[in-house]
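Asker: Construct all of the structure, not just a fragment, from the sequences and the given hints.
Note that the protein sequences, when read in sequence, are chains D and Z. Counting from 1, one number per residue, gives the positions in the first sequence under this note's numbering. Counting from 280, one number per residue, gives the positions in the second sequence under this note's numbering.
The reader is advised that the hints may include incorrect statements.
Using 27 Å as the maximum straight-line C-alpha spacing, the simulated DSS-like pairs for lysine-lysine come out as follows [to be verified]:
no., chain 1, residue 1, chain 2, residue 2
1, D, Lys116, Z, Lys298
2, Z, Lys430, D, Lys101
3, D, Lys101, Z, Lys411
4, D, Lys68, Z, Lys430
5, D, Lys15, Z, Lys430
6, Z, Lys352, D, Lys101
I should point out that these hints are in silico values taken from the structure, not numbers from a laboratory.
In case you want the letters, here they are:
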Amino acid sequence: MSIKVEDVSKRFITKHSDTETLSRVNIEFKPGEFICILGPSGCGKSTLLNIIAGLEEATSGRVTLNGKQVTGPGPDRVVMFQEAALFPWLNVIDNVEFGMKMAGVAPAQRRERALKYLKMVHLTKFQHAFIHELSGGMRQRVALARALTFDSEVLLMDEPFAALDSQTKMLLQIELQQIWLETKKTILFVTHNVEEATILADRVVVMSANPGGIKKEFQIQVARPRQPGNVDLAYLMNNIMQELKTEVEKVAKAEYDNDWNIQKNPVLPSINDNLGSGV
Amino acid sequence: MIIWEVAYELGVEYLRLWKAYVFPSPIDVFKTLYSLFADQTLVIAILSSAKRIILGYLVSVILGLIIGLIIVKFKWLDENASPLILGLQTLPSICWLPFAILWYGLNESAIMFVIAIGSTFAVAIALEAGIKNINPLYIRAARTMGASGFKIYWNVILPASLPAIVSGLKQGWSFAWRALMAGEMMSATKGLGQVLMVGRDLADISQVMAVMIVIIVLGVVVDKLIFGQIEQNIRQRWGLDRA
Chain D
1 MSIKVEDVSK RFITKHSDTE TLSRVNIEFK PGEFICILGP SGCGKSTLLN IIAGLEEATS
61 GRVTLNGKQV TGPGPDRVVM FQEAALFPWL NVIDNVEFGM KMAGVAPAQR RERALKYLKM
121 VHLTKFQHAF IHELSGGMRQ RVALARALTF DSEVLLMDEP FAALDSQTKM LLQIELQQIW
181 LETKKTILFV THNVEEATIL ADRVVVMSAN PGGIKKEFQI QVARPRQPGN VDLAYLMNNI
241 MQELKTEVEK VAKAEYDNDW NIQKNPVLPS INDNLGSGV
Chain Z
280 MIIWEVAYEL GVEYLRLWKA YVFPSPIDVF KTLYSLFADQ TLVIAILSSA KRIILGYLVS
340 VILGLIIGLI IVKFKWLDEN ASPLILGLQT LPSICWLPFA ILWYGLNESA IMFVIAIGST
400 FAVAIALEAG IKNINPLYIR AARTMGASGF KIYWNVILPA SLPAIVSGLK QGWSFAWRAL
460 MAGEMMSATK GLGQVLMVGR DLADISQVMA VMIVIIVLGV VVDKLIFGQI EQNIRQRWGL
520 DRA
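Answerer: Set out below in structure tokens:
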């Protein structure tokens, strides 16, 4: 399933300001591809994802899925949010079944499929637990299981691991790679974490800020499953970081006071230092 | 209870500050309570009051939920009707009694109408507030999962606003209870309020007190057994009782 983003722009007009968040974005995603969209905060990467999801409307331009224009949200493009967005009034298994219930799948079949995907994320033991009894990582797993039940070919992920601790994040990154290899979905993953992007993606798209647009793309051709600390990834990360740095600076310049500067003194001064005093 | 008895002994028996007919002793009150139960007066009163309040309350809950949903659905209605509904809610429901008597006559329907109008707006306002305060993330998530229209209301919006709805129902119940008493005291031929009024007419302060006790006990029992259970259940599910 291929997604095509054609000339998409997005303006937010309020009483006090008129911001162009996205400016004529063109990008295409091939079926089965794992793409990470990387950018500084406020560059419009989540907005782009929301437009593809159909949750927000583009000011101009269009998004097509297999040649059909996207007009609203739908189960063919499931979204995973930064917060798990699980329903607290349902237990784990009912949450996983929710999408199938909406689609009108029979209860027995629903349960069977939900268990299959819960197994994939290793949480069958907790199927009758309530959401508040789960840790943050477990919640995201449940959300992932729920997203997988749709059997959609596209999975949109909006910084799903950003709020997790780094150990949990690492585990989930490895699992996501495995699930992606098993299910061959097209995954569009928004993140601000360079390491995460290089570990997960086939292609990393770096976005520019103010106005948001595509700055540069990196192909990541490193064998999977990838682990953090891989030397090739470190090299790529460094390249991407260079690209990102100017964008981060641009955003910071716009948000911080004028006296801010990214080029800090490379020597950390200490009150005991007195360079040159012994000369 | 002991404080009550001591106050009675001091105030009425020794210091003669009050007369026994303005301040009853707990013993007298319980004697009256017993005799009222024994000759079935209270049983009949409780049953007829219960019938009125259950019917009136059911009507108000259904109406309240419908009004609440309509207000949420149409923004212009929300902007224009909300102050009106708030005003109607602050109006004590007993003020509707003259209206009710003119419309329905001096009968059951009139009291039922007063009960229903007393709690309808509380329920409607609670539902509206509950729906407005839902975490928008739930709705976004549900929309991306293919839920829309009626399905989203039934499966997401109503369950998500359930805690607010229950507190609205609880509030509505207490409004209904008050309306019932007021209505019965003014115009009924049987019921708790009427028994209380008879006590007043006969200057039988212990009967008044006895009925008051029955009302309090009924209120507490309903609150604990019905609303308490529901609230407890929700709090457990949502993990709200872990603070």
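Asker: Now, for every hint given, state plainly whether the structure supports it.
Answerer: For each hint, the structure was consulted:
| no. | hint | in the structure |
| --- | --- | --- |
| 1 | D/Lys116 - Z/Lys298 | 78 Å, violated |
| 2 | Z/Lys430 - D/Lys101 | 10 Å, holds |
| 3 | D/Lys101 - Z/Lys411 | 25 Å, holds |
| 4 | D/Lys68 - Z/Lys430 | 25 Å, holds |
| 5 | D/Lys15 - Z/Lys430 | 35 Å, violated |
| 6 | Z/Lys352 - D/Lys101 | 24 Å, holds |
In terms of the numbered hints stated before, the structure departs from hints 1 and 5, listed from lowest to highest.
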